[in-house]
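> Work the whole structure out from these sequences, hints included.
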Amino acid sequence: MLAFRMPVQFSAAQVQAIAALAQLELSPNEIELFARQLGEFLEYANDVLAIDTTGVEPTAYVMTRQDSDRRDEVRPSLDQREVLAGAPDPALDAGFFKVPRVIG
Amino acid sequence: MTPTIRQLREQVRSGARSVTEIVKDALDRIGALDSALHAFNTVVPEQALARAAALDANRSVWPQAPLLGVPIAIKDNLCTRGVTTTASSRMLETYVPPYDATVVARLESAGAVIVGKTNCDEFAMGSSNETSAFGPVRNPWAVDRIPGGTSGGSAAAVAARFTPMAIGSDTGGSIRQPAAMCGVVGLKPTYGRVSRYGLIAHASSLDQVGPLARTVDDAAIALSVIAGADSADATSSSEGVPDYAAGLTGDIRGIRIGVPSSILERGVDGDVLRAFRSALDTLVTRGATLVDIELPHAKHAIGIYYLISTAEASSNLARYDGVRYGFRAPGTMDEELRAMYARTRGNGFGLEVKRRIMLGTYALSAGYYDAYYLKAQQVRTLIVRDYDQAFGRVELVAMPTSPTAAFKIGERVADPLQMYLADVFTVSANLAGLPAISVPCGFTVDRLPIGLQLTGRRFDEMTLLRAAEAYERDAPWHREEPLGMG
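So the protein sequences, as listed, match chains Z and E. Quick note on numbering: the first sequence equals residues 1 to 104 in this note's numbering. Quick note on numbering: the second sequence equals residues 1001 to 1486 in this note's numbering.
Rather than coming from a laboratory, the hints here were simulated on the basis of the structure. Everything numeric in this text was worked out from a predicted model, so none of it was measured. Be aware that a few hints might be false.
To give a feel for the contact side, a few chain Z residues facing chain E, derived at Cβ under 8 Å [what the hints assert, rightly or not]: (1) Leu21; (2) Gln23; (3) Leu24; (4) Glu25; (5) Leu26; (6) Pro28; (7) Glu32; (8) Thr53; (9) Glu57.
Backbone N, C-alpha and C define an ideal beta-carbon position, used for all residues, glycine too.
See the structure below:
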């Protein structure tokens, strides 16, 4: 065990770098708040880092009993028009989502 | 006492009451009282009454339907075809799903009538229901207090006698903790027991769907309806589904219940501890044996839970990008694509969701993945082993559901870490994939409900429910009703 808690500190630039990875636009207040709160949480979680896990396999999820693989068959799916109707800017007749211009 | 599922369906089967009368009663009660509680995001009176009329017209077709004519509420993070499903987020405020969650379809096939969608923490992230973009739910036992989270609306709806049962989801305690704080029964089934198809994903290795009800018997009836394999959810199990209610014999002689005394030493409210100890005495009187057990890694559960769940959430919530469903930040059509994504997500998500996406993104990012995410998954293995070892000696593990009763609205919002600690006794069941139930076990001096949590072996909901129901026979706390709600 660590004899003391390692302080974890984040600069505004580090928070902005994480936000960029997460595709999140944050306000200056949020950047300041998260710099502090991420540090506080990771400081709390420092105890976990100190546990000896040499040779311990990671658990991604707890396996359940499952049927074997199913056949790869074409089955009915949701109606395209209905699905598109939930989009903020759909082109219902053409059958696509509209997004800002990405090429030239 | 307000009728249970078992009583309601009997009334309908015998012709004593029509489904329409029952559903009208539920809608009237919601109309009269929910403005004070805000348990519902959406109520669907027309749809519910139309369905009630259809059931009344064809009652002979449905004689054995286990939920015939029972009004129910669905947490607003489960998709309902044609009914807005918001996950209590601005991001999905206007989202109308084109399909039903498997759980919803099964409940309706069993004769249930959905009356509305319940308020919850935004994307089921929180411990108090205060992160809902549409305002908090209030606890029917004390309206200045939180109902617990994240299935706070479902718990409040059952506690206020709006519906005898409501569906919730539980990623780290989100069914059990609000059940405890609202004085109702809440069951988180084994990972894989119930299909998550149509559940808005939070943390996929932890999420599970389950019922909240006033009695263990009603929770058992509901579980038999919703459990079972589903080809639309690859994590659902093909393990057979028993008639859980038929197994509630009251006989728990010889059942060994493990008590991890060392983790109860600190941070548990005195009233909660007293109620918990008294509940153990009741179980012993009925013939159970107590065994002192150790869960050496349980103290790390909160730390690894928030590393793992936020990592998974950051990935699951990547789909909310202003393209396919829900909200898009206005005026971004002329911006660069990435700027549209970022502003949509910045404006559409609330503070807690953003905080978790940030933490999860960091835990998964290059250079930190091994230190945080992989490490947390390794410690998760140690927690799974702790429980496997304990379940070699006992059938059940008992703990309080929550270290405190319901706290005041606003009391912990400024300190997320303090809020996370409310989940200290519930998160391990999710990490280890185990079934767990909260049953009412008393009140604090301020008359706030307290919950007893029992955790069972994987897919052994039967023993879990039998012990909880046996306890309920000798400790009928579920018969207490909140003042002004009776």
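> Next, verify each hint and record whether it holds.
Evaluated hints:
no. : hint  : in the structure
1   : Leu21 : holds (5 Å)
2   : Gln23 : holds (5 Å)
3   : Leu24 : holds (5 Å)
4   : Glu25 : holds (3 Å)
5   : Leu26 : holds (6 Å)
6   : Pro28 : violated (12 Å)
7   : Glu32 : violated (13 Å)
8   : Thr53 : holds (4 Å)
9   : Glu57 : holds (6 Å)
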